[in-house]
Amino acid sequence: MVRVGRGRSLVLAGAALLAVMLLPAPARADLRMCNQTASKVGIALGYRDPQGWVTEGWWDVAPKVCETLLKGSLAARFYYVYAVDYTRGGEWSGRSLMCTKDREFTIRGVEDCLARGLDRNGFYEVDTGEQKSWTIQLNDPNQPVAPTP
0 MVRVGRGRSL VLAGAALLAV MLLPAPARAD LRMCNQTASK VGIALGYRDP
50 QGWVTEGWWD VAPKVCETLL KGSLAARFYY VYAVDYTRGG EWSGRSLMCT
100 KDREFTIRGV EDCLARGLDR NGFYEVDTGE QKSWTIQLND PNQPVAPTP
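Per numbering that gives the first Met the number 0: the sequence shown = residues 0 to 148.
Please note that the accuracy of each hint is not assured.
The calculated BS3-like cross-link candidates involving lysine-lysine, where the alpha carbons are at most 27 Å apart (straight line), are [to be verified]:
{"hint": "1", "residue 1": "39", "residue 2": "100"}
{"hint": "2", "residue 1": "70", "residue 2": "39"}
{"hint": "3", "residue 1": "131", "residue 2": "70"}
{"hint": "4", "residue 1": "100", "residue 2": "63"}
{"hint": "5", "residue 1": "63", "residue 2": "39"}
{"hint": "6", "residue 1": "63", "residue 2": "131"}
{"hint": "7", "residue 1": "100", "residue 2": "70"}
Beta-carbon label-pair distances, calculated as ranges [what the hints assert, rightly or not]:
{"hint": "8", "residue 1": "104", "residue 2": "124", "range": "31 to 39 Å"}
{"hint": "9", "residue 1": "49", "residue 2": "28", "range": "17 to 25 Å"}
{"hint": "10", "residue 1": "49", "residue 2": "124", "range": "13 to 21 Å"}
{"hint": "11", "residue 1": "64", "residue 2": "115", "range": "26 to 34 Å"}
{"hint": "12", "residue 1": "88", "residue 2": "47", "range": "12 to 20 Å"}
{"hint": "13", "residue 1": "108", "residue 2": "140", "range": "15 to 23 Å"}
{"hint": "14", "residue 1": "86", "residue 2": "121", "range": "34 to 42 Å"}
{"hint": "15", "residue 1": "89", "residue 2": "124", "range": "26 to 34 Å"}
{"hint": "16", "residue 1": "139", "residue 2": "115", "range": "15 to 23 Å"}
{"hint": "17", "residue 1": "70", "residue 2": "129", "range": "15 to 23 Å"}
{"hint": "18", "residue 1": "121", "residue 2": "39", "range": "26 to 34 Å"}
{"hint": "19", "residue 1": "86", "residue 2": "118", "range": "15 to 23 Å"}
{"hint": "20", "residue 1": "140", "residue 2": "50", "range": "15 to 23 Å"}
{"hint": "21", "residue 1": "93", "residue 2": "35", "range": "28 to 36 Å"}
Bear in mind the hints are in silico, worked out from the structure with no lab data behind them.
Backbone N, C-alpha and C define an ideal beta-carbon position, used for all residues, glycine too.
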């Protein structure tokens, strides 16, 4: 029987703890938005879940900051974004019409927005290619958009 001294036991325990701390952290799987502009922007997001279409907003994102819009592995391939430039005016929009409100919201369905007392805005499509995590880069209109997984 080999007896290990108390000091050596502490060293071994410390080494084991250090080894665990140095293991790579598990990858985070989220949908994130990075605001690469010089403006504060408001973000609305649309996507399809098992119950149908959902739109949510608003995330206020400061200039040069990234925000997590949805936590966890992505459940859809396509997401839809509508963004408003609070600082200089203007918007980032597209052809996919979805419902919004002028204050915080979660809305089910994309039909009859106006009849339901909601606003209707055009969202642009983001194809995540079935990745589990995705970061959307929001650039000034004169800068190229480069989506990154």
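28 to 36 Å as the expected CB spacing between residue 35 and residue 93, which holds or is violated: Violated, since residue 93 and residue 35 (Cβ atoms, about 18 Å apart) do not stay within the stated range.
Can you tell me whether the CB distance of residue 64 to residue 115 sits inside 26 to 34 Å? holds, 33 Å
Satisfaction of hint between residue 100 and residue 39, Cα-Cα up to 27 Å: holds, 18 Å
With respect to the beta-carbon atoms only, verify the hint that residue 121 and residue 39 lie 26 to 34 Å apart. At 21 Å between Cβs, range violated.
Quick one, are residue 63 and residue 131 close enough, alpha carbons at most 27 Å? holds, 24 Å
Compare the distance between the alpha carbons of residue 100 and residue 63 with 27 Å, and conclude whether the hinted pair is satisfied. holds, 25 Å
Hint consistency between residue 70 and residue 39 [alpha-carbon to alpha-carbon, up to 27 Å]: holds, 22 Å
Does the beta carbon distance between residue 86 and residue 118 stay inside 15 to 23 Å, or does it fall outside? holds, 21 Å
Given the range 15 to 23 Å, decide if the beta-carbon distance of residue 139 to residue 115 lies inside it. Violated, since residue 139 and residue 115 (Cβ atoms, about 34 Å apart) do not stay within the stated range.
Holds or violated: 15 to 23 Å for the Cβ distance of residue 108 and residue 140? violated, 30 Å
Whether the CB-CB distance between residue 70 and residue 129 falls inside 15 to 23 Å: holds, 18 Å
Proposed proximity, residue 70 with residue 131 (alpha carbon, max 27 Å): Within the cut-off at roughly 11 Å; holds.
Comparing the model with each numbered hint stated earlier shows that hints 8, 12, 13, 14, 15, 16, 18, 20 and 21 do not hold.
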